[in-house]
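> Sequence:
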Amino acid sequence: MRNTRLIDALMRQAMAALAGSPGARAYYDRQRARGLPHNAALRHVSNRLVGILHGCLATHTTYDEATAWGHHIAASAA
Numbered sequence: 018m019r020n021t022r023l024i025d026a027l028m029r030q031a032m033a034a035l036a037g038s039p040g041a042r043a044y045y046d047r048q049r050a051r052g053l054p055h056n057a058a059l060r061h062v063s064n065r066l067v068g069i070l071h072g073c074l075a076t077h078t079t080y081d082e083a084t085a086w087g088h089h090i091a092a093s094a095a
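Numbering (our numbering), first residue to last: 18 to 95.
Each hint should be verified, as a subset may be incorrect.
Unchecked claim - Just the calculated beta-carbon pair ranges, DEER-fashion:
1) 18 x 81: 14 to 24 Å
2) 18 x 87: 33 to 43 Å
3) 79 x 18: 33 to 43 Å
4) 77 x 52: 17 to 27 Å
Derived by calculation from the structure, the hints in this document are not laboratory data. C-beta atoms are modelled at their ideal positions from N, C-alpha and C, and glycine is treated no differently.
Please take these sequences and the hints and turn them into a complete structure.
Next up, the structure:
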């Protein structure tokens, strides 16, 4: 059984991240360049955001764009 409310919330979060986070946008664009359709690429961004949130909670640190997405931004600039 799927939790559709959770899935909907995560997809909305990923869509918002595309507009507000250069790292999330670079990660999404890289997934699309690999040939993934929009929803699959958005799901990858969503999964990455959940991983970042988990890391922040586990280490008691605040979100930092450079730490979370730095390697993705550097890879897209190259």
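> Hints first: check each against the structure and report whether it holds.
Status of each hint after checking the structure:
The hint said 14 to 24 Å for the Cβ distance between residue 18 and residue 81, and at roughly 35 Å that hint is violated. A C-beta distance of roughly 37 Å is found between residue 18 and residue 87, which places it inside the suggested range of 33 to 43 Å. Taking 33 to 43 Å as the suggested C-beta distance range, the pair residue 79 and residue 18 conforms, at roughly 34 Å. At about 38 Å, the CB distance of residue 77 to residue 52 disagrees with the hint of 17 to 27 Å.
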